[in-house]
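**Student:** Here's the letter readout for the chains.
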Amino acid sequence: QKEVEQDPGPLSVPEGVIVSLNCTYSNSAFQYFMWYRQYSRKGPELLMYTYSSGNKEDGRFTAQVDKSSKYISLFIRDSQPSDSATYLCAMTSQGAQKLVFGQGTRLTINP
Amino acid sequence: DTAVSQTPKYLVTQMGNDKSIKCEQNLGHDTMYWYKQDSKKFLKIMFSYNNKELIINETVPNRFSPKSPDKAHLNLHINSLELGDSAVYFCASSRIQNTEAFFGQGTRLTVV
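Note that the protein sequences, when read in sequence, are chains X and Z.
Throughout the first sequence, residue numbering follows the working numbering, covering 1 to 111 in sequence.
Throughout the second sequence, residue numbering follows the working numbering, covering 1 to 112 in sequence.
This is chain X alone, in the form it adopts within the complex:
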């Protein structure tokens, strides 16, 4: 069993809908949670960073962490074709000095 599970998709939705992306994990020591966006042939770009449980909002993006369920989510409101990319969840524990990534979900927003 992988430490971090993420549905690879692909996920294809029409423009304007709310997109929900999710990851589950098994390591209860994970405390820091991130979402990265990766466009084709580019490096991962940090979108959201959350410590412990709770919600964080940044523009059209909301990250949620539920440590009791070992489940994290990224919501994209008013999705745009420019949001089409692979979204990777990543997480780590205090002092670990490495990120553990999910497999990434390939998302396409259709105009």
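One should not assume that every hint holds.
Some chain Z residues near chain X, calculated using beta-carbon distances under 8 Å [what the hints assert, rightly or not]: (1) Ile45; (2) Ile56; (3) Glu100.
Okay, derived cross-link-like pairs now, DSSO-like style, lysine-lysine, Cα gap no bigger than 27 Å in a straight line [what the hints assert, rightly or not]: (4) X/Lys42 - Z/Lys19; (5) X/Lys42 - X/Lys56; (6) X/Lys2 - Z/Lys44; (7) X/Lys42 - Z/Lys36; (8) X/Lys42 - Z/Lys9; (9) Z/Lys22 - Z/Lys40; (10) X/Lys67 - Z/Lys71; (11) X/Lys70 - Z/Lys40; (12) Z/Lys44 - X/Lys70; (13) Z/Lys22 - Z/Lys36; (14) Z/Lys71 - X/Lys70; (15) X/Lys42 - Z/Lys71; (16) X/Lys2 - X/Lys56; (17) X/Lys70 - Z/Lys19.
None of these hints come from the bench; they were simulated from the model.
From the three backbone atoms N, C-alpha and C, an ideal C-beta is built for every residue, glycine too.
Could you slot chain Z onto chain X? The hints should help.
**Tutor:** Relative to the frame of chain X, chain Z by itself:
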């Protein structure tokens, strides 16, 4: 002004050759990493360096040797390249205390 830059962007080479990838960060971070991304987009840690010292070597074959001449640079040398080494290699950096990592654009290595 690129934060984490790596060269070259593309590398095509024959089996058995030796090659190097260079990485530099101008963020003032203390920790640098090499990650490998396979054809299914799965990103996995290879090495982690903290202030020029190796912290993590994640069961990488010893044909891969990282070198950090200073805390702003982390290079990756690969000996006797194999077909299975074909992948995209990403350099990243972060502060010691923080855990968000910032990634370079990647080096797409193809071994033929």
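**Student:** Decide, hint by hint, whether the structure agrees.
**Tutor:** Hints versus structure:
no.: 1; hint: Ile45; result: 4 Å, holds
no.: 2; hint: Ile56; result: 6 Å, holds
no.: 3; hint: Glu100; result: 5 Å, holds
no.: 4; hint: X/Lys42 - Z/Lys19; result: 21 Å, holds
no.: 5; hint: X/Lys42 - X/Lys56; result: 25 Å, holds
no.: 6; hint: X/Lys2 - Z/Lys44; result: 12 Å, holds
no.: 7; hint: X/Lys42 - Z/Lys36; result: 14 Å, holds
no.: 8; hint: X/Lys42 - Z/Lys9; result: 10 Å, holds
no.: 9; hint: Z/Lys22 - Z/Lys40; result: 24 Å, holds
no.: 10; hint: X/Lys67 - Z/Lys71; result: 34 Å, violated
no.: 11; hint: X/Lys70 - Z/Lys40; result: 24 Å, holds
no.: 12; hint: Z/Lys44 - X/Lys70; result: 21 Å, holds
no.: 13; hint: Z/Lys22 - Z/Lys36; result: 14 Å, holds
no.: 14; hint: Z/Lys71 - X/Lys70; result: 35 Å, violated
no.: 15; hint: X/Lys42 - Z/Lys71; result: 24 Å, holds
no.: 16; hint: X/Lys2 - X/Lys56; result: 26 Å, holds
no.: 17; hint: X/Lys70 - Z/Lys19; result: 41 Å, violated
When held up to the earlier numbered hints, the structure conflicts with 10, 14 and 17 and fits the remainder.
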